[in-house]
Amino acid sequence: MPMRLELEKRAERSRVMSLVSPLIAIVLTIVAGAIMFLTLGKNPWDTLYTFFIRPLADWRSAQDVVVKAVPLVLIALGLAVCYRSNNWNIGAEGQFTAGAIAGSALPILVPDFATGWTIPLMLLCGALGGMVYGAIPALLKIRFNTNEILTSLMLVYIAQLVLDYLVRGPWRNPQGFNFPESRIFSAAQRMPRIGDGRMTIAVYITLAVLVILWIVLARSKKGFEVKVLGASPRAGAFAGFSAGWMTLSAFLVSGALAGLAGIMEVAGPVRQLVPTISPGYGFTAIIVAFLGRLSPPGILIAGFVLAVTYVGGVAAQISLRLPSQATGVFQGMLLFFVLACDTLILYRLRFVRGPRAREAARGTV
Amino acid sequence: MTEERPLLAVRGVVKRFGDTLANDDVSLAIRPGEIHALLGENGAGKSTLVKIIYGALQPTAGEIRWRGDPVVIPSPAAARKRGIGMVFQHFSLFEALSVADNVALALPNAGRRKLAATIADVSRDYGLPLNPRARVADLSAGEKQRVEIVRCLLQHPQLIIMDEPTSVLTPQEADQLFATLRRLREEGRSILYISHRLEEVQRLCDRATIMRRGKVVAEADPAVETPATLARLMVGADVAGVLRPPPAMRGARLGVNGLDLPAADPLGVSLRDIRVDVAGGEVLAIAGIAGNGQAELFAALSGERLAPRADAVFIDGRPAGRLGITERRRRGAAFVAEERLGHGAVPGMRLSENLVLTRHATGDGIVRAGFLRRRRAATLAEEVSAAFDVRKGKPDPEARALSGGNLQKFVVGREITRRPGILVASQPTWGVDAGASAVIRQALVDLARSGSAVLVISQDLDEIFEIADRIAVISRGHLSEAMPAAEMTPERIGLLMGGAGEGQGRNADAA
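Chains S and F supply the protein sequences, listed in that same order. For what it's worth, the numbering used here labels the leading residue of the first sequence as 21, then goes sequentially. For what it's worth, the numbering used here labels the leading residue of the second sequence as 74, then goes sequentially.
No wet-lab data here; the hints were simulated from the structure. For clarity, every value in this text was computed on a predicted model and none was experimentally measured. Fair warning: there could be bad hints in the mix.
[What the hints assert, rightly or not] The list that follows gives simulated cross-link-like pairs (lysine to aspartate or glutamate, EDC-like), each with its CA atoms no further than 20 Å apart:
1) F/K154 to F/D142
2) F/K465 to F/E455
3) F/K154 to F/E168
4) S/K242 to F/D437
5) F/K217 to F/D174
6) F/K288 to F/D98
7) F/K467 to F/D92
8) S/K29 to S/D362
9) F/K288 to F/D236
10) S/K247 to S/E32
11) F/K288 to F/D142
12) F/K465 to S/E32
13) S/K242 to F/E400
14) F/K187 to F/D174
15) S/K247 to F/D469
16) F/K288 to F/E260
17) F/K467 to F/E456
18) F/K465 to F/D92
19) F/K217 to F/D248
20) S/K29 to F/E400
21) F/K467 to S/E32
22) F/K467 to F/E455
23) S/K241 to F/D236
24) S/K241 to F/D437
[To be verified] Partner residues aside, some chain S positions facing chain F, computed with beta carbon under 7 Å:
25) A31
26) R35
27) F199
28) V248
29) A251
30) P253
31) R254
32) F258
33) A259
Beta carbons are placed, not taken as given, at the ideal position from N, Cα and C, and that holds for glycine.
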């Protein structure tokens, strides 16, 4: 008799598996990545070392990892609120861009305003910009029952085109030799630095948001509402929780955090508005959110893992001449394996001898 | 007779799901031309056995013989090919398509034009009148079942499996069905009839196999048994009846006063001019066949859907029609939803969290300053479990880990331990074993006798007669006048289920 694999439903979610499955996913990604590098004719060991170890090997590039992790973690925290409540915000990249634009309006339009209030105001504008932009797919969903996956995704391209128009047209730097860039922000319009690299106080802000969100999600009644409405909208309605309000507030929170990440990126490492302000943070944060189990501490760890692939990807591009798409492939495989491994949380694998059975997939009594 | 070769023999079938044995060494023989009852409580393993016979599940061990030859039935399609047909309890029909289209989907090789004529012929011959061009969504539950039966008959089965066929029928429709089944028996076909209604089995069946906890516990001749002896075999013990002291009726606590509510979706039911008062001290039951507006009525009473007017629903004399479910709970109302998993409880949440679901705003001290007090919730959940004998493997399991009966006891207990002034419960013992049913029914009666108004929406006439002081019947969104239970009979309820009471409302119409 042939052996076959069956998925068998567990009575409850496995606590062990919900911690182990992301690790399995990372291992599988590394194995699949090694195979990919082999077929590209590279030494898999060197490549993996360049990708995953070297970014952490010296202090300067480790700081770079932190700089990349900040927007990923911040955006993913907001996405976790969305995804836990069953709202599929795919457009964080657009909310990030909208926040960057809204926050940059102040230093670009009023360049002489340079006081201690400048940065707080810029951050506030950035968060509001992302919030407003995030409200659009939420309101469309509530009012017209549109699919928020499509609308939020399409709004990404709109935001990017608006940014492109602004830096080529009205907001272009008059002293910029016609490059599509805004003027460079002055010192008072930039995030205060910490350390000797490119890290800014964005690190502290991100950690503060993380702690607050962790407490709210785990302990508060609002966090409970998020969980119930995400798990079962009907049970949520029976509990008296409003799905519409939840959709709106989840998008507002995640829009605000993405927008905040956007302005902190522009007022931090980038220092001006340029056509491309993000290497896809808003999309990579989706992977961070899932790899981190939609929980704040998990997202912190996952944010670092993916930040490493960004920094390692650049290094591999330079020193090993790997195509720049290798980073994207890595991130894609990681998401794929995370989602696949999550099956193990509610199902266990079992080797069975015997005839082909159809019920295995259905898995119910 | 006993020497005759059985049409189908199941021998030593074992089916294991993880740690549970759904079927444990089950054997069963069905002779040609007999109606064979498969009796057992919910969870006894009947459905598993039937799915194995129909090829939808594969046994872990054991064999199936068809006309004496060992066979493997890998799929339902293979079962149909051999001559095994099945009529499911939950219809597998496309509501938006016509009767003929639905049948054609199961018979891909039949010519469409000829098919309509064949359907008309077969349905007439077997006393199952059907219009092949009618849209399935417009049919009653009884008619939908006829579509299923006709579709099954057109595949010329020798063995027809019927899973709880009368659960959706009026008593009159059930009589019609029995006539059809007897007719099929006369033609030499066999029927495996799954039920837990003893009276039906006695009227209809030639032999009975009784299952309990995955095992066959007895083979019986229904003609020589009594309902009491069959029940004892099925349950394994005598089941306590509900103690029902006479009601001391007080004033109306829940009032519904001319409630109109349009259907929320194209296949839903509109409520029309619903009027009913439930007094403190009484249990009022609303009978009716599934899909006649019960879900809509429950949503309107609970506040999941708001009534168009505030004075369409009264709670303790105050208009409540425009209040949401949380506000209605704050005013002393409590609700038990029909579906345990996914409506009344979240499957993946622990019992303590599921307790919070309906009690976060009812003065139990679970929420303080916007934060949950999990320990308080756990204590209350433990109280519910103790009061209602909820059996669970560990202190605070996820809801989905509980058996249906135990979860239902928790879901009902969660509301009753609040001592609500008004309780609205939909199908409170649906799919629940006899022991748990008895506990729940007794608790409902006790709550009423303590002065609360209890409204039970149920399709189970036995349950209704066991607990109700007054009975009303819902049919196509109309509610008949509530009558004292002593004046009601199953026949009378059957007539009302068929629409005889729809004229009572002020603006009742022919639709």
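Go through the numbered hints given earlier and state which of them the structure violates, listing their numbers in rising order. 3, 11, 16, 20, 23, 26, 27 and 30
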